[in-house]
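When you get a sec, could you build the whole thing from the sequences and use the hints?
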Amino acid sequence: MPLRSFTKWLVVLLVLHGVIAAAGFFAPYSPIEQDRDRPYLPPMRLHFFDTQGHFHFRPFFHPLRLRESAFDQYEESTSTAIPLHFFVRGASYHLLGILPMRFHLFGASDARICLLGTDAFGRDQLSRILYGGQVSLLAGLLGAGVTLFLGALIGIVAGYYAGWRDELLMRVAELFLALPWLYLLFALRAFLPLSVSPLEAFLLVVVVIGLVGWARPARLVRGVVLSVKERDFVRAARGFGASHLYLLRRHILPETASVLLTQAAILVPQFILAEMTLSFLGLGIPEPISSWGNLLASLQNYSVLVSYWWMYLPALAIIPFFLGYLGLASSLQERPAAYKIVEKKSWNPS
Amino acid sequence: MIKTRPSSRPFLFPACLIFVCASIFSLHSNASPHRQQGQSNEELAVLPGEIGRSGGRLVVALRDEPKTLNPLTAADSPSREVIAAMQSDLIHINRATQLTEPGLAKSWKISPDGLRYTLTLRKGLRFSDGHPLDADDVLFTFRVNLDEKLHAAQRDLLTVGGKPITVRKIDAQTLVFQLAKPDGVEERLFDGIAILPRHLLEKPYEEGKLGQLWAPSTPPKEWAGLGPFRLKGYVPGQKLVLERNPYYWKTDARGNRLPYLNELDFLFVPSADAQVLRFQSGETDLITRLSAENFSVLLRQQRGSTMVDAGPGLEFNFLFFNLNDLGDKSSPEMARKQKWFRDVKFRQAVSAAIDRQAIVRLVYQGRGTALWAPVTPGDRRWVDASIPHPPRSLERARALLKEANFSWSSSSNGDPTLLDSDGKPVEFSVLSSSSNADRTKMATLIQDDLKQLGMHVQIVPIEFRSLVDRLTQTMQYDACVQGLASFDTDPNSDLNVWLSSGGIHLWNPSQAHPATPWEAEIDRLMEKQLSTPGYQQRKKLYDRVQEILAENQPMIFLASPDILVGAKSTLANIHPAVLEPYLLWNVEQLYFRNGAEAPSR
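Protein sequences, first through last, are from chains A and P. Those letters in the first sequence? Residues 0 to 349, per numbering that gives the first Met the number 0, in order. Those letters in the second sequence? Residues 0 to 600, per numbering that gives the first Met the number 0, in order.
Hints are computed from structural coordinates only; laboratory data are not their basis. Warning: the hint list may mix true and false statements.
[What the hints assert, rightly or not] Using C-beta positions, here's what the derived DEER-type ranges look like:
1. A/P179 - P/S465: 17 to 27 angstroms
2. A/L13 - P/H455: 51 to 61 angstroms
3. P/T515 - A/V87: 50 to 60 angstroms
[Claimed, not checked] Here's a subset of chain A near chain P, in silico, CB distances under 10 angstroms, partners left out:
4. A69
5. F70
6. S196
7. V303
8. V305
Even for Gly, the Cβ is constructed at its ideal location relative to N, Cα and C.
See below:
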């Protein structure tokens with residue numbers, strides 16, 4: 000059964016990431032396009048029944064009109080109904096960052112449809128959440144990649160070579176564990192230049208959060224390496240004259256895989272959260288690029304907090320991702336036994 | 000926000016003063032037998048307006064703890080706000096009419112050459128501890144204000160034509176002030192100079208301790224003033240409590256001695272959002288300096304309170320470029336950028352491309368005014384109505400850039416990129432203060448506006464102190480969105496912004512010589528208006544300054560927010576002014592209807 004739950008969570012995560020990766024297709028508009036006449040537009044409602052109560056197979060919506068002399072009070076003008084179209088041509092974008100495309104999942108010809116409302120500049124909130132997910136997820140994944148690479152490298156060196164190297168690296172690791180890492184993030188970010196392009200800022204965030212978390216995976220990997228390197232099959236291989244590199248690659252690294260995978264599933268959501276924290280506090284990705292963190296940043300204002308509930312929605316977007324990753328992590332933790340048996344059967348020392 | 004003049008004008012005074020001699024006053028003195036009456040030898044000021052009922056406690060939130068109650072050393076705005084309720088000046092600028100009116104001096108005369116001012120004090124006035132006021136207190140006040148060792152904030156205001164004003168006593172009620180050169184501001188000079196009690200301060204002054212005197216924790220017995228309220232107590236980190244000054248020198252039209260309120264409490268509430276919450280919960284009775292967002296929240300949700308949009312204030316917000324001569328510190332990249340910034344056509348093009356109406360609508364929710372010059376419509380006396388208000392025009396911006404030898408690259412997708420004469424793309428960053436959401440929003444709108452010209456702008460919100468450091472010390476920035484707010488409507492309160500030698504001449508501060516001909520011209524005009532008496536002549540000179548600024552765009556003026564205030568509906572005599580202190584300027588006349596004062600806590 001554990002294998003099936005593992006696949007189930009993997010599929011869920013793949014679908015979620017697929018939606019975000021293809022944000023250009025699912026988002027109806029460009030995330031930075033401002034509509035200055037419609038700030039803080041509330042989420043529009045899709046209708047299936049018109050005012051006479053007739054059912055329409057194609058959903059439609061009523062455009063919202065600003066109330067007289069109001070800043071953010073809108074009313075539906077029920078006299079016009081605009082049908083929703085699927086697979087429409089709209090703003091151009093690059094699917095997965097490569098394929099130039101103009102097709103969007105849905106849209107309307109005469110008016111903008113904002114299913115999740117708009118922000119202070121009239122930018123479509125749904126598009127911003129989807130595009131913002133690209134930044135936050137990629138930062139989380141790359142950050143976790145950097146951390147795991149560092150952690151594995153340091154853990155293996157410490158565990159395999161032991162002696163003073165082990166002592167030194169593990170004391171440094173303990174130092175890192177003892178540090179309050181959120182404040183370390185702030186300090187690191189504050190040292191770096193302020194005025195950077197969005198891409199540089201993104202890479203900075205990835206590197207900063209990647210550098211902070213290596214200590215825990217390094218200790219776990221070291222533990223595994225320490226026990227594996229004394230196992231009979233490793234000693235036998237060493238007795239046959241296997242080189243360090245061969246031993247590490249063939250016998251020791253495969254044994255650390257399950258630990259690293261579990262760590263990855265735990266670290267990715269943690270690092271997504273770290274990116275959000277940095278961006279929330281204005282130290283991450285700069286405007287006008289969106290990320291889940293800077294989408295939430297407007298909630299620091301009391302007036303936004305009490306007036307526009309749809310500004311909370313980016314916080315909900317992360318919940319399925321977190322559930323997916325935590326489900327994956329727990330199913331991975333149940334797996335190691337099976338993993339080892341499979342491993343032993345497939346590899347038969349002769 | 001940078002305040003232009005840390006020294007200025009903290010004083011209050013009522014809307015319109017009518018003077019009556021003691022005999023007329025005595026006709027009214029029977030109207031309210033329960034109140035303390037003026038004695039027949041007192042020359043009190045009588046205020047017109049609604050007659051209030053006495054009693055009650057007014058609770059007001061303050062952004063920060065006042066650092067001092069000493070008018071000589073107060074530089075921060077919480078200190079000035081508190082001192083304004085505790086002290087009085089000789090001649091006062093009425094915050095509502097923006098004109099001068101008699102204060103402790105009942106009348107004044109200016110000699111025809113503009114060099115000699117003769118002031119006559121009111122008779123029979125007393126400090127809040129009962130000690131009588133006379134001309135010696137005024138002499139003492141000006142002596143300490145002009146003492147170089149004390150570094151009083153008002154010292155440079157009292158130095159006219161390079162020489163300090165000299166004061167002479169004629170008799171117990173009459174003083175003569177002698178100036179070295181005529182002063183353009185005339186009697187407005189005296190606003191904000193709090194008259195100090197000589198009987199308490201002379202000894203510490205001679206011992207050299209006056210500068211450290213009157214911290215907020217001073218025992219009330221060692222403090223005295225001439226304002227409507229006097230010190231009662233101070234709880235560090237929480238509040239400052241003032242009580243009614245029984246010797247205050249103003250009455251209402253029925254002869255009741257002001258102020259009406261028994262107690263005035265200043266609570267220390269640091270953040271704007273926390274102040275809104277305190278006001279919503281009824282803990283404070285009035286609120287000023289509201290952002291447009293918080294104002295509309297209160298307008299929607301708050302029952303039992305009156306919310307007032309008092310119209311445009313004096314704050315002006317602007318975008319400016321780094322025009323400093325960086326010398327050795329300049330990198331080739333910075334030199335390339337400064338070549339664009341120094342081109343007046345580039346600045347005019349940026350100005351033409353900015354959608355000011357969108358700033359007013361999206362940042363201030365329509366509660367603000369678009370600006371093309373530094374003087375806002377809130378400054379009724381000095382605004383130059385002839386400055387053109389061209390609407391946003393990308394065509395004009397493009398034409399200006401073409402004239403300045405900029406060109407556009409034809410890119411395959413999206414907007415073309417603007418290239419300078421060397422074929423390099425035009426990219427720069429705009430700093431804004433991370434604690435000011437309004438200005439960061441403005442920067443985001445400007446970023447989108449300029450993208451349509453092909454400029455790539457990055458917004459860098461940074462912490463306010465490091466922002467100021469970059470603007471005035473290291474000069475490490477490309478452009479910045481900032482705001483300034485004067486305390487007075489008079490052009491002299493902005494001298495250090497417009498003079499090229501000024502410390503907050505932001506685009507190129509503290510120059511030894513004016514860098515451009517038009518800055519030299521502004522210097523000349525500002526110096527000239529300093530010593531030109533008469534409003535009409537000065538107005539002509541200052542209008543020219545505004546026109547030069549509007550044409551050369553060293554600052555691209557954006558918008559000015561309205562003064563937004565609120566008060567409990569039970570609080571009466573509320574007349575919001577666009578000058579600080581917006582609601583407390585007539586604190587002596589505020590009162591609670593129907594005994595609905597704040598419950599004691």
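Taking the hints in turn, this is what the structure says about them:
no. : hint                                : in the structure
1   : A/P179 - P/S465: 17 to 27 angstroms : 23 angstroms, holds
2   : A/L13 - P/H455: 51 to 61 angstroms  : 36 angstroms, violated
3   : P/T515 - A/V87: 50 to 60 angstroms  : 54 angstroms, holds
4   : A69                                 : 9 angstroms, holds
5   : F70                                 : 4 angstroms, holds
6   : S196                                : 6 angstroms, holds
7   : V303                                : 7 angstroms, holds
8   : V305                                : 6 angstroms, holds
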